[in-house]
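K.L.:
With the hints as extra help, turn the sequences into a complete structure.
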Amino acid sequence: MNSLILTLLVFSPLAGAALLLFIPKEKERAIKAAGLAATMPALILSGIILIQNAMGAGIERFSVSVPWFKMGNVSLGGEYFFTVNYELGIDGFSLIMMTLAAVLATLSASASSFIRSGWKGYFSLLLILETGMLGVFAAENLILFFIFLELTLVPMFFLIGKWGFAGREKAAWYYLLYNGIGSAILLIVIVYLFGMTGTVNIGKLMDLAGDFPAGVQLGLLLALLVSFGVKLPIVPLHTWMLHVHVQAPPPVVMLHSGVLLKIGAYGLIRIGIGMFPEAFQTLGTAIMILGTVNLLYGAFLALIQTDFKRILAYSSVSHMGIVLIGLGAMNEAGIQGAIFQTVSHGFISALLFLLVGLMAVRFQTTDIRELGGLARKLPKLSGVLLAAGMASLGLPGMSGFISEFMAFMGIFLVQPELGAVAAIGLILTAAYVLRAVLSITFGKEKGAEGSLPDLNWHEAAPAWILLFLIISVGVFPNGLAVPLQPAIETIMKGIGG
Amino acid sequence: MDAKTLMSYNWMLMLPELIVLGGAILISVLDLILPKKTGREWLGWLGFAAIAGAGTVLLLLTPSETEGILGDSFVLDGFAKLFKILLLAGAALIYLLTFQEKKSEVTERSEFFTLWLTGLLGAMFMSSSRDLMTLFVGLELLSISSYIMAGLKKKDQKSNEAAMKYVINGGVATAITLFGMSYLYGITGTVSLTDMIGQLQSLENTDHLFVLGLSFLIIFTGLSFKIAAAPYHMWVPDVYEGAPTSVTAFLSVVSKTAGFILIIRLFYTVFLNTSILQGESLLMNMQPYIAVLAALTMIIGNVTALKQRNVKRMLAYSSIGHAGYMLVAFASPQSPLMFDAIWFYLLAYLFMNAGAFAILLVIEQQTGSAHLNSFSGLYKRSPIVAVLMGILLLSLAGIPGTAGFMAKLTILLSAFTNQVPMLILASIMLAATVISYVYYFNVFAHMFFKQGEAETKLRFHPAAAAALLICTAGTILFGLFPHIL
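As given, the protein sequences belong to chains A and B, one line each in that order.
Heads up, the first sequence is in the numbering used here, so the first residue is 360 and it goes up one at a time.
Heads up, the second sequence is in the numbering used here, so the first residue is 309 and it goes up one at a time.
Check the hints yourself; a few may be wrong.
To be verified - Listed next, the in silico DSS-like pairs over lysine-lysine satisfying Cα-Cα at most 25 angstroms (straight line):
{"#": "1", "chain 1": "B", "residue 1": "462", "chain 2": "A", "residue 2": "521"}
{"#": "2", "chain 1": "A", "residue 1": "529", "chain 2": "B", "residue 2": "473"}
{"#": "3", "chain 1": "B", "residue 1": "758", "chain 2": "A", "residue 2": "386"}
{"#": "4", "chain 1": "B", "residue 1": "463", "chain 2": "B", "residue 2": "410"}
{"#": "5", "chain 1": "B", "residue 1": "473", "chain 2": "A", "residue 2": "384"}
{"#": "6", "chain 1": "A", "residue 1": "384", "chain 2": "B", "residue 2": "411"}
{"#": "7", "chain 1": "A", "residue 1": "391", "chain 2": "B", "residue 2": "688"}
{"#": "8", "chain 1": "B", "residue 1": "473", "chain 2": "B", "residue 2": "462"}
{"#": "9", "chain 1": "A", "residue 1": "521", "chain 2": "B", "residue 2": "758"}
{"#": "10", "chain 1": "A", "residue 1": "529", "chain 2": "B", "residue 2": "312"}
{"#": "11", "chain 1": "A", "residue 1": "429", "chain 2": "B", "residue 2": "473"}
Simulated from the structure, these hints should not be mistaken for laboratory data.
P.N.:
Here it is as structure tokens:
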């Protein structure tokens, strides 16, 4: 059955971007309002799907598949070898990720109010970026997946390079080249699979990919690991991401750390484990070790940073290690933890980068040595910051706790020794988060003189919403676990567990 | 051959060529008899009408069966039709750019238009020819027209240099090609490709095989000149830089297409049908050499393009890179997609390259240079042009949503559906693509991030503007729906 709803959902931001072009560029308020409004349809539609899904509607009914194009017309007018369909569809996992993208896009558009110039270009690019993100999660075949993935590449290059901080152009180049290489490797895998099987449909490939010789499977998985490892990012492929997180405008970093990094995790789970479960099993220990390295490396370096943005960037590296640990464990708890972490870190990092952006605007610095005693001056901002910090270090009752707990349960079931080493990361996390957050909120009063405005409504709204989501997942994890369960079961069936 | 036999041929097959020829003759005759004072600009539209007319007739001829005249030295088969569509579309689009060229620079307007048509005529003949003679004559007609066109900015030193380099290098390359062809004639005793196939299939003397292999390599080397591929690529940047920009576009699109036509026509009829060593054809046997040349071409083109600060030279090197990509498809002769891949790539390349040259031409006119700095702040000056240029550059870089991506995808797929999947070559191709991001996005960075010196908006001749719009539309359309043709 072909349903229009996913197509509308994915392309509504793009349509919004097209409409923006007709608003004269001097009308700042109108552009900002329209930019924000254009993110709404996707949010509402994903909400509708979420509710319908919760009420028991089959998730297949939202999918669409129509013939798109054909390749390989040998006899010039004769028969075709390769057909590609336009097919969108979702399962529990992609639905959650899509909702995450829609929510963060709206919040990021709302938080974009302090962009100083070129609003029209900025919002158009932000909306194109949103279509790319939504599309990646909705894509049912690899070609579409790749197209949407690349659709995020170009707007990000401009958003970083034009609206970022002082080192923005260099950061944009880092972003482009690293991710370009990652995408190129992914494309090789996709075309190889296409050439060998004649289909790019993810579901069909899950059945067919098992027929490849074990060596080929392993090779393809390694390629995927590198390709998605750039996006995730896995140490040592992470250097670009630090530049981006420090230099890009904060609302863009919200989206980047909240959603774009997760595309790496999503791809690894959906394509990596989904198609090559046996090869993944072979690499399981190696992936767990990679994850541990990520976790510890990120945490150690976060500990010695003085710039809050850099602390958060390294903290993202560290937290993505938990995703890898969970995946490498290859058991239900581990995979659940990895998926939970993917979603939960999306909220937490988005919130933290929102706050860091707000601080940067108010104090013109994010160096924790020059910030202090915020609790007295800006009680609302520091209150949210404190809460976000707690979520980041995995305090029970917050979403981070659930995901870390599950992922570590996964690793302790298979590799308790490695788990013990990885657990050091949790202590380090507590140390660097507390050090940063406490020195900013309490301690000696530093920073700009005079009174500064606390959160206004369009800054406070995204912050409260994100905090609400973080706590609700923490208190009521079943809200996430239930829709995710079928997807996890599919993966487990593939593994044979 | 008497008059009766001549009359019995179905000359309709050649009608598109005859229309182009008629246009060329008409323009030069009118140029001679018209008074000196009369403006010559309208003659240009006459030429455009000839190309458009030839295109229309060709489309009308499309449903017809494969048929040959003049002893099968001229045939209109599926291959000829498809490639002539490319040639005519490319020539027509780029022809529109000539109206933008400054009159003070290209003084001999009517010669310009005539040469354009004769060059096109040569290329069209090549796509229809089934024997070495017509192939070679077509090639020379195209080449000589191009040599003169490259030097049409008579007062410009660089243009003179370009013409000089082009004619000398081109002469050498032609001689090499002809030398290789003479081997073919020597072994088979015929110039007809059809007869040659028969001769070669029954070839038993292994010494002949060696000579045949040699002739393959020699011809390929000579033809690499035409498609601007290694090892014969050195002339490209200088000639591209010196020639009038519309001529550069002609060279990079029409001339390159013609080169591929010649390669496919010759190699797929002759060398694919020789069975040597356990039934393997010579072409398949030569595959490793082509693959190496493809890799070299991609690497040289893209890496050298990185250093260029002159956008025209950058596009010249990028065109070397693109030739390399197409050679990847050519290196996979067993793939069912090989033919598709090259054809579609040429189509995509036509749109994206012609469009980019249209913008480059206008910028060059306005600022007097094709340096990267001329693109600085273009987004502030002419936002729409900057966005269009952006789309064309994305396509050249092979970003999804554009024809360039679909073209690369087809080539990659053909590399993987070859009997032996060419993983290394495909990897090199993608590595080269990522390298190309650097110089294409560098233009972006100049257009969108940097502050420019010039303040005025770009002014387009309506014809050039139309060409630009068609090119961008084609780039997007074939990127989203590659299947519509």
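K.L.:
Quickly compare the C-alpha distance for residue 473 of chain B and residue 462 of chain B to 25 angstroms and report which way the hint goes.
P.N.:
Satisfied, since the Cα-Cα distance of roughly 15 angstroms is no more than 25 angstroms.
K.L.:
Given the hinted pair residue 384 of chain A and residue 411 of chain B, is their alpha-carbon gap at most 25 angstroms?
P.N.:
38 angstroms, violated
K.L.:
Would you mind confirming whether the straight-line C-alpha gap from residue 462 of chain B to residue 521 of chain A stays at or under 25 angstroms?
P.N.:
43 angstroms, violated
K.L.:
For a C-alpha distance cap of 25 angstroms, please report whether residue 391 of chain A and residue 688 of chain B respect it.
P.N.:
21 angstroms, holds
K.L.:
Is it true that the CA of residue 529 of chain A sits at most 25 angstroms from the CA of residue 473 of chain B?
P.N.:
Between residue 529 of chain A and residue 473 of chain B the Cα gap is close to 39 angstroms, so the pair fails against 25 angstroms, i.e. violated.
K.L.:
Holds or violated: residue 463 of chain B with residue 410 of chain B, Cα cutoff 25 angstroms?
P.N.:
Roughly 13 angstroms separates the two Cα atoms, so the pair holds.
K.L.:
Could you grab the alpha-carbon distance between residue 473 of chain B and residue 384 of chain A and see if it respects the 25 angstroms cut-off?
P.N.:
Distance ~49 angstroms between residue 473 of chain B and residue 384 of chain A Cα, so the pair is violated.
K.L.:
Is the Cα-Cα distance between residue 429 of chain A and residue 473 of chain B 25 angstroms or less?
P.N.:
Cα-Cα ~43 angstroms, so violated.
K.L.:
For the pair we were handed, residue 758 of chain B and residue 386 of chain A, check the Cα-Cα distance against 25 angstroms.
P.N.:
24 angstroms, holds
K.L.:
Quickly compare the C-alpha distance for residue 521 of chain A and residue 758 of chain B to 25 angstroms and report which way the hint goes.
P.N.:
9 angstroms, holds
K.L.:
Between residue 529 of chain A and residue 312 of chain B, does the CA-CA distance stay at or below 25 angstroms?
P.N.:
Distance of about 74 angstroms is beyond 25 angstroms: violated.
Of the numbered hints stated above, those contradicted by the structure are hints 1, 2, 5, 6, 10 and 11, listed in ascending order.
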